[in-house]
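Colleague: Sequence:
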Amino acid sequence: MAKSIRKGINFPILFTIFLWLVTAACSVRQAQKTLLADPALKGAHVGVAVYNTSKEKWVDRHLSDLYYTPASNTKILSCYLGMRFLGDSIPGWKMAENKDSIFLLPLGDPSFLHPDFSYQPVADLIRQTKKQVVLCFPDKADAFAMYGRGWAWDDYAEDYQPERNRLNIYGNVVTVTKSTNGVNIQPSLFTKNQAVSKEYTQWSRAKLDNQFFATGKSIKDTLQQIPFITDTTYALAKALLEDTLHPALPIAIQKGWHQDNVHIVKTVPTDSLLKIMMHRSDNFFAEQVFLMASEQLLGTINDEALIDTILKSDFSFFPQTPQWADGSGLSRFNLNTPENYVALLKKMENDFSFTRIKGIFAQGGKTSLSAYYKNIPGELYAKTGTLGNQVALSGYIITNKGTRLLFSVLVANHISPSTYPVRKAVEAYLTSIMKLN
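Quick note, the sequence shown lines up with residues 1 to 437 if you use the working numbering.
Among the hints, a few may not be true.
[Claimed, not checked] Distance condition first, Cα-Cα at most 20 Å in a straight line; then the derived PhoX-like pairs of lysine-lysine:
id, residue 1, residue 2
1, 255, 131
2, 238, 94
3, 347, 275
4, 358, 401
5, 94, 255
In short, the hints are calculated from the structure, not lab data.
Sequences are here, hints too, so could you generate the full structure?
Modeller: Take a look at the structure:
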């Protein structure tokens with residue numbers, strides 16, 4: 001009996017399979033070892049999680065349950081919220097109408113009069129109607145600050161940190177461009193009562209008010225964007241809209257929303273906004289997607305309540321509870337783990353089509369990943385993240401063998417003068433993993 005069993009077993013084939021498994025495991029360990037030994041990562045803390053969805057098992061893990069500052073990888077959480085709660089098109093405004101007036105309640109839409117979007121149904125309405133336009137406040141007061149918790153207040157004039165608001169106009173920035181006539185400023189209301197030099201130099205803003213000025217410093221960029229200070233009274237919005245759209249009657253402002261026959265004005269396709277958010281790593285879009293999700297889920301904009309609700313519901317599956325502070329990742333209060341990101345990527349793949357995900361995430365060799373993953377054995381769709389001394393990359397891999405991998409690599413406290421060698425080390429590691437799978 002024993003002899004017949006031994007005869008039925010092909011020991012050479014079993015040995016070959018065993019040898020291949022051992023070799024593959026050793027190769028993965030070697031790839032990890034090479035990553036951790038890279039000079040660009042000297043002294044850094046590196047978290048790695050790679051998961052094979054076909055085999056439903058981990059390919060590699062290293063310090064994957066520890067917390068790191070994820071930077072713009074936080075936008076993956078906001079991307080999920082947008083895909084989950086905002087529908088096919090952005091729910092931009094509540095609108096009601098009677099014989100004399102049009103009542104508008106903004107819902108946090110960042111696309112209003114934003115240069116990225118030509119479709120402007122509400123702007124066209126304000127411009128064309130003969131009725132009085134009334135901007136309304138919600139019945140329940142919002143609970144969020146113009147800056148996220150832990151943002152750098154000294155960055156008030158930086159283009160990557162526009163203020164957050166329920167009513168957003170022009171992306172909440174002043175745009176300065178170089179033209180044949182010298183300098184063009186939009187919206188022009190902010191510089192209407194001051195002489196503007198025709199010499200194109202760097203522009204900035206006073207810290208506590210909307211006084212914009214040329215610094216006199218030379219600058220190569222032909223386009224500058226400086227955040228303006230928004231308000232919660234709609235007074236600035238009223239002035240900007242009247243100056244830009246020239247409505248037939250002065251815009252009115254009303255506290256409270258008590259209207260019948262209300263309908264939602266939908267604006268731009270949700271995925272087109274999410275794509276820009278992920279490809280350009282647009283902080284403003286991410287924050288507004290985050291706040292709009294609160295409006296849709298809770299009926300009010302309350303960032304802390306949104307985080308608490310989502311962590312107890314949609315994100316209750318996380319292996320480790322994250323510390324979540326904002327929608328963009330600007331805050332260093334954000335802390336997350338590689339295992340959490342892999343779990344989130346898996347949930348997104350289960351809840352939404354992978355075709356949709358590929359249309360939103362940046363692809364290797366393009367946009368925010370244009371300098372990386374150009375010649376790899378497969379496809380990579382991911383989100384980058386960068387803050388001082390922090391680098392992150394999480395996303396999806398499809399190898400040439402058709403294997404689907406989910407991965408997250410979070411690097412904390414590197415001291416490389418540039419992020420480039422850090423990202424190249426991560427690229428070399430992931431390329432090795434792709435070849436082995």
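Colleague: With a cut-off of 20 Å on the C-alpha distance, tell me whether residue 94 and residue 255 pass.
Modeller: Holds - the C-alpha atoms of residue 255 and residue 94 are around 14 Å apart, at most 20 Å.
Colleague: Between residue 358 and residue 401, does the CA-CA distance stay at or below 20 Å?
Modeller: 18 Å, holds
Colleague: Hinted pair, alpha-carbon criterion (20 Å max): residue 255, residue 131. Please report holds or violated.
Modeller: 19 Å, holds
Colleague: Within a Cα-Cα threshold of 20 Å, do residue 347 and residue 275 meet the stated pairing?
Modeller: The hint holds at about 19 Å.
Colleague: Would the hint linking residue 238 and residue 94 be met if the CA-CA limit is 20 Å?
Modeller: 17 Å, holds
In this structure, none of the earlier numbered hints is contradicted; all agree with it.
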